[in-house]
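Those protein sequence lines, which keep their order, are chains A and B.
Using our numbering, the first residue of the first sequence is number 1, and each one after it goes up by one.
Using our numbering, the first residue of the second sequence is number 1, and each one after it goes up by one.
One or more hints might be untrue.
Said to hold, decoys possible - Some chain A residues flagged as far from chain B (calculated, every beta-carbon gap over 12 Å):
hint, residue
1, E39
2, E45
3, A77
4, V86
5, T130
6, V177
7, E178
What the hints assert, rightly or not - So, partial list: chain B residues that the calculated Cβ filter (under 10 Å) puts toward chain A:
hint, residue
8, L33
9, E35
10, G37
11, M48
12, I51
13, L58
14, G60
15, A68
16, W74
17, A79
18, L80
19, G84
20, F142
21, I143
Claimed, not checked - Label pairs and their calculated CB-CB ranges:
hint, chain 1, residue 1, chain 2, residue 2, range
22, A, A36, B, M88, 22 to 28 Å
23, A, S4, B, D44, 35 to 41 Å
24, A, S72, B, H7, 17 to 23 Å
25, B, M88, A, S42, 38 to 44 Å
26, A, N82, B, W27, 46 to 52 Å
27, B, G84, A, A36, 29 to 35 Å
28, B, R148, A, I26, 23 to 29 Å
29, B, M88, A, G174, 33 to 39 Å
30, B, D44, A, A115, 31 to 37 Å
31, B, R99, A, A121, 39 to 45 Å
32, B, W27, A, G100, 36 to 42 Å
33, A, Q27, B, H7, 39 to 45 Å
34, B, L5, A, S4, 29 to 35 Å
35, A, G7, B, T31, 27 to 33 Å
FYI, nobody ran anything at the bench for these hints, they're computed from the structure.
What you are looking at is a predicted structure, and each value in this text was computed from that prediction instead of being measured.
Built from N, CA and C at the ideal position, the CB exists for glycine as well.
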Amino acid sequence: MMQSIMGQVGLIVLSGALIGGVAWAIQQPDFEAALAPPEEASADEMEALLQDSPAPSQEEVKKEIPTPKMVSFIDVASRFFNQPTVRFIDARDAGTYEAGHIPGALNIDAERLGADPLIGADLLADVPKTHVLIVYCSGGQCDLSKRLATNLIVRGYGKVLVFEGGWNEWTDEGQPVEEGPLGGGK
Amino acid sequence: MMKMLSHPIVLWGSRWLLGAVFLVAAWYKITDLVEFGRSISYYDMIPMALIPFFATLLAGIEVSTGLALVTGLWKKGSALVVSGMLIMFIIAIAAAYTRGLSIDCGCFTADLNPEKAGDIRAHMVERLLQDVGMLILSLNLFIQEAKRP
Numbered sequence: 001m002m003q004s005i006m007g008q009v010g011l012i013v014l015s016g017a018l019i020g021g022v023a024w025a026i027q028q029p030d031f032e033a034a035l036a037p038p039e040e041a042s043a044d045e046m047e048a049l050l051q052d053s054p055a056p057s058q059e060e061v062k063k064e065i066p067t068p069k070m071v072s073f074i075d076v077a078s079r080f081f082n083q084p085t086v087r088f089i090d091a092r093d094a095g096t097y098e099a100g101h102i103p104g105a106l107n108i109d110a111e112r113l114g115a116d117p118l119i120g121a122d123l124l125a126d127v128p129k130t131h132v133l134i135v136y137c138s139g140g141q142c143d144l145s146k147r148l149a150t151n152l153i154v155r156g157y158g159k160v161l162v163f164e165g166g167w168n169e170w171t172d173e174g175q176p177v178e179e180g181p182l183g184g185g186k
Numbered sequence: 001m002m003k004m005l006s007h008p009i010v011l012w013g014s015r016w017l018l019g020a021v022f023l024v025a026a027w028y029k030i031t032d033l034v035e036f037g038r039s040i041s042y043y044d045m046i047p048m049a050l051i052p053f054f055a056t057l058l059a060g061i062e063v064s065t066g067l068a069l070v071t072g073l074w075k076k077g078s079a080l081v082v083s084g085m086l087i088m089f090i091i092a093i094a095a096a097y098t099r100g101l102s103i104d105c106g107c108f109t110a111d112l113n114p115e116k117a118g119d120i121r122a123h124m125v126e127r128l129l130q131d132v133g134m135l136i137l138s139l140n141l142f143i144q145e146a147k148r149p
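Generate coordinates for the entire structure from the input sequences, incorporating the hints supplied.
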């Protein structure tokens, strides 16, 4: 009897492999691109961003929209936090932002980008395009920061980095936080 | 009680329920292998190089198991496979939960709002309990089917 059960299991696995194979052949899935770890900005690139250099021109951006680079907590805390030419952008919704955010961060709810691709334009009006924007969300699995960072690059903010560890890593590391409504000052 | 567990309607209902759940769950996976692969990667349990193979095979086996359960084909084998898969899902979700991860389990869809980490952890517990409930059904199904000649 055991033999017959294992035979049935084998048939189920084999037919499953065939079904999966057909799905693979139809979809031609690009796992490599989907699972590739995000690229981190190098120390030289970060230093260059902090210099008073112009952001990439719109012509350059239009040729190929750059993928926003990642920045680690160490660099965020030691290199970018409290710098006059750096702005933090919180990509979470307004309620979550008001409950606590990185001091001085502006709030642009990336969930609403679909409805309004220019959301937050009023908040960014006085932020020079030569400034570095560091975008974050909760951290880990969240991708709002990456979506918003790409959107900001297209809008002409060429010096955009994503703090991948986001709010969770910031608070886990015991960094200062600020509570309050939209557009906390800096 | 024992009679109820082996009642044909209970066995038929268990097979249909498990089969339907597996087919619904398999739909998102088999139609978007990349997204399913990404969901598996969040568990951080399988080497990246094996994820494409694992995602494709797992999605395919979910379809074949669901079909076997619903159609009544390979009754003993499908009851054993569905139990094995549920045990694997329970271990994976429980391990992720105890490691403090807040991940979409990748069970049905990958459209949970990842910003609401608290919701996701509650959702993981919910899925874990559902899987345990289904495992009880599938183990009974396997035991009863195995008794038959």
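Outcome of the hint check:
1. E39: holds, 16 Å
2. E45: holds, 25 Å
3. A77: Per Cβ check, A77 (chain A) is outside 12 Å of chain B; nearest 22 Å; holds.
4. V86: Fine: 23 Å to the nearest Cβ keeps V86 (chain A) off the interface.
5. T130: holds, 30 Å
6. V177: Holds, since 16 Å exceeds 12 Å.
7. E178: holds, 19 Å
8. L33: holds, 4 Å
9. E35: With Cβ-Cβ at 8 Å, under 10 Å, it holds.
10. G37: holds, 5 Å
11. M48: holds, 6 Å
12. I51: holds, 6 Å
13. L58: holds, 8 Å
14. G60: holds, 3 Å
15. A68: holds, 6 Å
16. W74: Holds, because the Cβ-Cβ distance from W74 (chain B) to chain A comes to roughly 4 Å (cut-off 10 Å).
17. A79: This hint holds: A79 (chain B) lies near chain A, its Cβ roughly 9 Å from the closest one there, short of 10 Å.
18. L80: holds, 6 Å
19. G84: G84 (chain B) check passes; min Cβ-Cβ to chain A is 8 Å, inside 10 Å.
20. F142: Given a least distance of 9 Å, the restraint on F142 (chain B) holds.
21. I143: Since chain A brings no Cβ nearer than about 12 Å to I143 (chain B), farther than 10 Å, the hint is violated.
22. A:A36 - B:M88: 22 to 28 Å: holds, 26 Å
23. A:S4 - B:D44: 35 to 41 Å: holds, 38 Å
24. A:S72 - B:H7: 17 to 23 Å: violated, 60 Å
25. B:M88 - A:S42: 38 to 44 Å: holds, 40 Å
26. A:N82 - B:W27: 46 to 52 Å: holds, 49 Å
27. B:G84 - A:A36: 29 to 35 Å: Roughly 32 Å apart at Cβ, these two residues keep to the hinted range, so it holds.
28. B:R148 - A:I26: 23 to 29 Å: violated, 38 Å
29. B:M88 - A:G174: 33 to 39 Å: For G174 (chain A) against M88 (chain B), whose Cβ atoms are near 38 Å apart, the range 33 to 39 Å holds.
30. B:D44 - A:A115: 31 to 37 Å: Given range 31 to 37 Å: holds, Cβ gap about 34 Å.
31. B:R99 - A:A121: 39 to 45 Å: holds, 41 Å
32. B:W27 - A:G100: 36 to 42 Å: 39 Å Cβ-Cβ, so the 36 to 42 Å window holds.
33. A:Q27 - B:H7: 39 to 45 Å: For Q27 (chain A) and H7 (chain B) the Cβ distance comes to about 42 Å; the hint holds.
34. B:L5 - A:S4: 29 to 35 Å: violated, 22 Å
35. A:G7 - B:T31: 27 to 33 Å: holds, 30 Å
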